[in-house]
Amino acid sequence: MSTSLIYFWACAATAVLGGLSVVVAKNPIRGAMGLLMLIVSVAGLFLPLHAQFLAAIQLIVYAGAIVVLFLFVIMLLGPSASTPVDRRGTFVRAASGGLFALAGGAFWVILARAVGTGGPAAPDPSFGGIDAVGSVLFTDALVPFELSSGLLMVAVVGAVAVARGRQGKRSMSESELEVARTSVPLPDPADKGTGVFSHEIDDRDAGGHAR
Amino acid sequence: MIPLEYYVALSALLFVIGGVGFLVRRNALVALMSIEVMLNAANLALVAFNRWRFEHVDARAYAGQDHTGQVFAFFVIAAEAAEVAVGLAIVLSLYRLRRTVRTDEADLLKN
Amino acid sequence: MESPETPVFSHEDRASWQARLAVIAVVAALAALAARMSHEAVPVLGAVLIAALVPRQHGWTVRVPLAAMAGLLALFVVRMWPDVAEVADATATSPEGGHILSWMIALPILGALAVLVLPRQAEGAQRGLTLVVMLTTLGMSLKLLSVSMGRGFHFDENVAWIPRFGIHYHVAVDGISLWLLILTTVITPIATYASFGSIHARIKEWCFSLLVLQCGMLGSFVAMDLFLFYVFWELMLIPMYVMIGVWGGSSRIKSAIKFFLYTMFGSVLMLGAILYLAYDYARVSGGPPSFDYFELQRVLLPLHVQGWLWAGFTLAFVIKVPMFPLHTWLPDAHTEAPTAGSVILAAVMLKMGTYGYLRFSMGLFPEMSAAWAPNLAGVAVLGGIIYGALCAWKQDDAKRLIAYSSVAHLGYVMLGLFALTAASIEGSVIQMVNHGVSTGMLFLLFGVIYDRRHTRQLNDFGGLARPMPVYAALFVVATLASIGVPGTNGFVGEFMIITGTFASNMLGHFNGVQATGAAIGVILGAIYMLMVVQKMFFGPVSEKNAKQHDLTARELLSVAPLAMLIFIIGLFPNVFLSQIKGAAARVKDDFDSRIENNPPPMFYEGPTKLMPRRPEAPQPATAAAAPH
Amino acid sequence: MPSLFPVNDYALIAVILGMPLLGAFVNGVWGKRLGEPAVKLMALAAIGTSFLASVVTFFALKGTVAADGEAKLVWSAWEWMHTTGGKNGVSVPIDVRFSIDQLSGVMMLIITGVGFLIHVYATSYMAKDEGYARFFAYMNLFVFSMLVLVLADSLPLLFVGWEGVGLCSYLLIGFWYQTSANAEAGKKAFIANRIGDFGLLCAMFLLVRYTGALDWHGISNGAASLLNPGEGARVHVWPLGGGQYTGLLHFLQPKSPVTISAATAVTLALLLGCTGKSAQIPLYVWLPDAMAGPTPVSALIHAATMVTAGVYLICRLSFVFVLSPFTMMVIAVVGAATALLAATIAAVQNDIKKVLAYSTVSQLGFMFLGVGVGAFTAGFFHVFTHAFFKACLFLGAGSVIHAMHARIHDGNASQDVRNMGGLRKWMPLTHWTFAAATLAIIGLPFTSGFFSKDEILYRAYVDHTVNPMPGLASRPHGGVFEPPQWLGPVLYWVAWTAATLTAFYMVRLYLLTFWGEFKGWVVGRPSMLGWPAHHGGAKGEHHEEDLSQPGYAPHESPWQMTVPLIVLATFSLGAGVLNPGFGIERQPMEHWLEPVFHAASEKAVLFGHGNDAVWAADMMWKLAAISFLAFAIGTAIAWWMYIPSRGEPARRMAEASPGLYRLVLDKWRIDELYEATVLAAVDSLAETSAWVDQAIVDGLFARLTTLLVGISGTLLRAFQNGVVHVYAAFMVAGLAAIGWFFTVPHPAATVVDAGNDDYVVTAAPGIGYAYRWDADGDGRWDHEGFEQGDTTLKLHVEPGKTMLVRLEVQNAFGLVRAKKIHVVARPQAPISSL
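Residue numbers (our numbering), protein chains in the order written: chain A, 63 to 273; chain B, 38 to 148; chain C, 146 to 773; chain D, 422 to 1255.
There could be a bad hint or two in this list.
Simulated pairs of lysine-lysine, DSS-like, Cα-Cα distance not exceeding 25 Å [as the list claims (entries may be wrong)]:
1. D:453 <-> C:692
2. C:349 <-> C:399
3. C:733 <-> D:508
Not the full set, but computed from the structure, chain C residues with beta-carbon under 10 Å of chain D [stated by the list, open to error]:
4. 199
5. 259
6. 471
7. 540
8. 628
9. 632
10. 643
11. 648
12. 657
13. 658
14. 684
15. 753
Sample of chain D residues with no beta-carbon within 10 Å of chain A, all distances over it, derived [stated by the list, open to error]:
16. 1005
17. 1075
18. 1092
19. 1111
Calculated directly from the structure, the hints in this document are not laboratory data. Small disclaimer: the values here were computed from a predicted structure and weren't measured. Glycine included, each C-beta is placed from N, C-alpha and C at the ideal position.
Same shape as in the complex, but just chain A (with noise of 0.2 Å):
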């Protein structure tokens, strides 16, 4: 059993179980520490696929960014941010993902088929690294490369344009008050928000115009 396989196993170990926790836990926060657990372990399996650069920009961007955008939306959002308990619907959801589970399985025996035995034989040491990468980055893959940019710039734009929500003049429309005002049980005032956007929600029973 050489080093490399133990290597295989251990971050495969902690791969599953991050994913595992992602999907388990009650708390969201635990999830995104779950996550944290996979990215870290799908990263180190990188490396003896020679993906050196992959590695290095997994942890960079996923772990240091997409994660910690995780975590800040969770503190944002604070306890309610888990949602109760609700029993109702859970045949549909066992029903799909059990098909999905099975439908996995299915995928991976053609896959295994299809694509035969045989080990990796060790390639030379530049494949796989940043030189390599990063020209054909460059080179073929440029319009992609281009594209990726403009793509994160239209997703920021978004990002704020739907999140900034109504600091503008316009007070909610009728139809969102509506709707706002029927379906969602009011929380008792007792339960002081400890989100960070728990004072917008004050401010709006005490201005009035919100309820």
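Place chains B, C and D on chain A using the hints.
Chains B, C and D only, in chain A's frame:
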């Protein structure tokens, strides 16, 4: 050396976990996170095949063909970042409107 | 038909009428003398003189264009007179250069764009530009007549457009599409010129849609590449939808949508069939797929496959024709369409269906066409000719009546195509042109009375012959052409179709019954058209009709060429038939060569097979031809 | 003269045809501006020159025919069109060719001659009419169309004239279109003619198919093929489509299909056309209504020329008609029946023009009878004589109506015989010419009517038509149809009664009009009181005259009207001399027309009792006596009834059986019969088809589809319940289904013909598929395991042999599904490139 099936099996498992998570959990945030899991699984498969392809296929359509998998994974990450940003923004505005993140509540588009 | 206030001539006018008669005698002598000198001059001179003298109330602004029209048509007949020793049917297609067809398609589109550029207020400029573009297109289309068509394809242009999918910009004209092209380039300017009298809102969009429509129609008549044909087929649809939807009558939106959906439903199935055929060709020939008509003609498909493809194509064309079950969009479209829209829809767009069936359904799938010919001929006779005429008889809305009469007339055309003898194909091609001329003229005339009385109900008119004698005379001429009285153009087509149907062996033992049914159509035609003439022109004149003034200059000038064409095709059909004869014979021979090997009942069930190219097909596009 | 106009390019025909056309065009277009005198001059000049040219042509024809009987003067203008015909679909040219032979020569003379006289008559009859130019334009156009009909050298060109005449009669009957009744009558005439044209159209496509030609010469050459035995010349009548139907109701089909010989089919179709145009039994209803037109129109069109077109066509195609004795019998029977029916109706009519109209129908019945029994010359000679005396009668009636119109303006009243009487005192010329024509029509011996009608009666009794090619046309079961022996005598006696009735009603009409005292208005000097009322009225104003006031006596018509009357009267008396019959050897008409009809009658028309000429000869004098008896009885009864007893017996008979009298007065209610049956059927069919089109066809394709789309829309909305998980569940279900579809093995293969007999069979690709072939079809797989890459198979199959290939597919999960594929190589018939 670790044969390719191991990597493929792992990515399939992770993918399934992410998928089940997305389908089962009612929480919007967890849904987003399980998408992350699925995408990571995909990245892992991409890189694994990229590595495996180096020996088994010698036809080079163009010079940089060795790293196609990795470049593709790179762009998956970029797309993922954009997706999460917007996703979370939506969750926030949902929260502001309905003060919950339960996906059942977000049914404004009902019939 | 004379107007009531006849000046009573007293005796001292005797000198004036003697002078007039002397003039007539001199003119007659002059014409006789010219006849002796050169045969060419006489008809042209005669036509010019007669046309100049005919109109009564109108000044020289009407007489000169009328005379010019008459002179041109006479020159056309004399110049195009088929010399007895018909030139050997040139199968080899002489590659005439000059890109005439491409220019004919491009000019309307450029004109359309130019109209868009003009300022919205400059309505005069827009109208002028549209007419100039259309007339130049007409001038160019006359160049096509310089070549005697024979059996092959002329003015062939073949350039690779999208090589990967084997799509070529391939246009060519042959005996079948020649007269339809010229019908389009003649009818569109007439309809446009007439429409400027009644359409006063949104002139710019009106001119734009007319020009785009003309481009679509011209394109689909010459397209020899199925993809290109489909592009023009769809291009044609939108402007007509807009014309009905924007400038139409009361419930125009409903009819426009109905028209659009009917045709779209058919053409979508056709698209599916085209794609399957192209890729089946690729599979069999090993190379890239090809949408070229002559390449796809080589594909011999097994029965069941050919059945579905043929059904896809034929459904699209049957809806367009329209034939019996799928014809209900036509009356609605016609009642709501503006006059010019109706004229173009009836005169040219309906021929798209019949031309398409002849060119594509029969060209690509001869076996299935032969198998279904008897049944469809039955539908054409019972559902089209007799049913259409009976429905027309019971309509009290004028335009609906003419729409149903179009269903009846096109029943004849389709019967000619199903019968598939040389005479019946020629008859149906010439009948397509005839129907265009006579129904176009009827719609123009209905437009005249609609602009005055704004009603289409026949019972509102009565005794119009007294206040509007010239209108009544022209209407009777159009009615005679529509009924098919010999000497007018209607009879030529009907006679050839009926005799061709009886002499056909493609209709099983039903050729007798089909021919008799078609002949019965002649009676029904007389019944409903005379009912219209009776209700509109004879009988006591009601007070509202009494003070209607006769045809204005614009109306007379737009109807006159069609009236002349009615008699020219009626009396000298050989000028037209000599061009169609070669192509009709080619279609018949192509059919026979395929049907001999697998006559209808015992069909070809083997794998798809590629057959050699047809001799008359123009040279395939050289692969190396650099795309323009 | 002949040098200027060679026989085969006889340009003078262009003048004969061209002048009326020029007249029509000039009057039609510039009539208003030219003024009445110019229009009159133009019209008369056109017909006059055409008449002169006809006379010159006639003499030229006489010269050429003297040399060779079969010769024709031919002028071909241009090639009109072409169609497919004959056995193997050869192209049959149809060109604008006119030819004059003996038959059309005589017809040409009648048309232009009588036409010219009627035009002169019309110039004064229509003097004050406001549509003067339009009238003469139509009259000239009519003469042109009639000449085209008569001079055409082919059936389609005849059809041009045929429809042209129908069109002109439509325009002329509805000339005074202000009153819708006239327009209605015009429409009825055109549609009735159109039904006849339908018959002609069917005849044309039959002829072009079986004889392969449409011009007279071509048809006569190909006429034999109309009758050749076997399947060739049989027309399937019932069951439609030749009995291929093997479905549920096939037992309804007769054992052997009902077929008739092509000759009978063609001739019956032609007969339908002729009855339409010449107003015989089924389609005669339009002629009496056509009296709504001006009287010169009735004279020209509905007496002299157009109505005889049917008889002309039968004479022209006599060699085709003779091929089917059945049709000859039908023609004879139709003719006799029409003669009798029309005679009975005419006997009770009170309108002078209606009586003459029915008399025309009856006389046409005689002509059809003559032609039907094979006596073409006799039939045609009756056409010749009838043209004169019937035109003279109509013009006479016109001048009487013209006179009555002075004070009785109402259209019907001025034509009612009961308002007339005793006009012989004031209108001597009209009276004598009318009398002469009456004597001719009732058959006074030595007048033209006597000779022509008597010949027809005699030949009806004696002749017996038989198929000229008995050997050829043997029907599958038994010999050729032959009319029964007793047919001749029956036809004779029917015709005899009709002749008697003719004599009766013509003499009755003559006596009521010209004898007795004037019943119109009190004749005397108009008193001063009534002066303004009478003369103030402008011509167009239709106020009712106060008839009790005395008014001027009806005055004689001007010379333009009486001169033509005189000419026609003399002809109607003297024309008999051309073909007296009765064994006199100088038969100029018979000799003149012999070359035209000998092709038809030489073997087909025999004498009765087995062609016994002696029996026929002595029967002639007996029959002549009996037919004179018909004339005598009819005249005597009429004279007795209306002069000595002043019409009392007629009134008593009317009271005795009012129902029958009313029935006959209403023309046996045939019009109502048609209304109830044929027209009602077509009308209801039209109503149902219009309703079906609106409700069912439109409903099915337009409204039903919109309904379906609407319903399916609402159904699918129910699935949008807003819960994201449900959507996700659907997505996963979709994914699973597609996954299942792709992984389940689908064994499919396509066969491609790779040329020179080898075929490539390619199996359809799939994710993770493995294949196993059995190429030689021997049941054992080529090799045990499944290979993934083994997707194509190349086979070499000789033509005519069938190869069986089996394919088995295994998918990624080991599921296996087998499939048999046939590779068929058909007999490789050489597909010629052309």
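Evaluated hints:
{"no.": "1", "hint": "D:453 <-> C:692", "verdict": "holds, 20 Å"}
{"no.": "2", "hint": "C:349 <-> C:399", "verdict": "holds, 24 Å"}
{"no.": "3", "hint": "C:733 <-> D:508", "verdict": "holds, 17 Å"}
{"no.": "4", "hint": "199", "verdict": "holds, 6 Å"}
{"no.": "5", "hint": "259", "verdict": "violated, 39 Å"}
{"no.": "6", "hint": "471", "verdict": "holds, 6 Å"}
{"no.": "7", "hint": "540", "verdict": "holds, 7 Å"}
{"no.": "8", "hint": "628", "verdict": "holds, 8 Å"}
{"no.": "9", "hint": "632", "verdict": "holds, 5 Å"}
{"no.": "10", "hint": "643", "verdict": "holds, 5 Å"}
{"no.": "11", "hint": "648", "verdict": "holds, 5 Å"}
{"no.": "12", "hint": "657", "verdict": "holds, 6 Å"}
{"no.": "13", "hint": "658", "verdict": "holds, 5 Å"}
{"no.": "14", "hint": "684", "verdict": "holds, 4 Å"}
{"no.": "15", "hint": "753", "verdict": "holds, 7 Å"}
{"no.": "16", "hint": "1005", "verdict": "holds, 113 Å"}
{"no.": "17", "hint": "1075", "verdict": "holds, 92 Å"}
{"no.": "18", "hint": "1092", "verdict": "holds, 75 Å"}
{"no.": "19", "hint": "1111", "verdict": "holds, 51 Å"}
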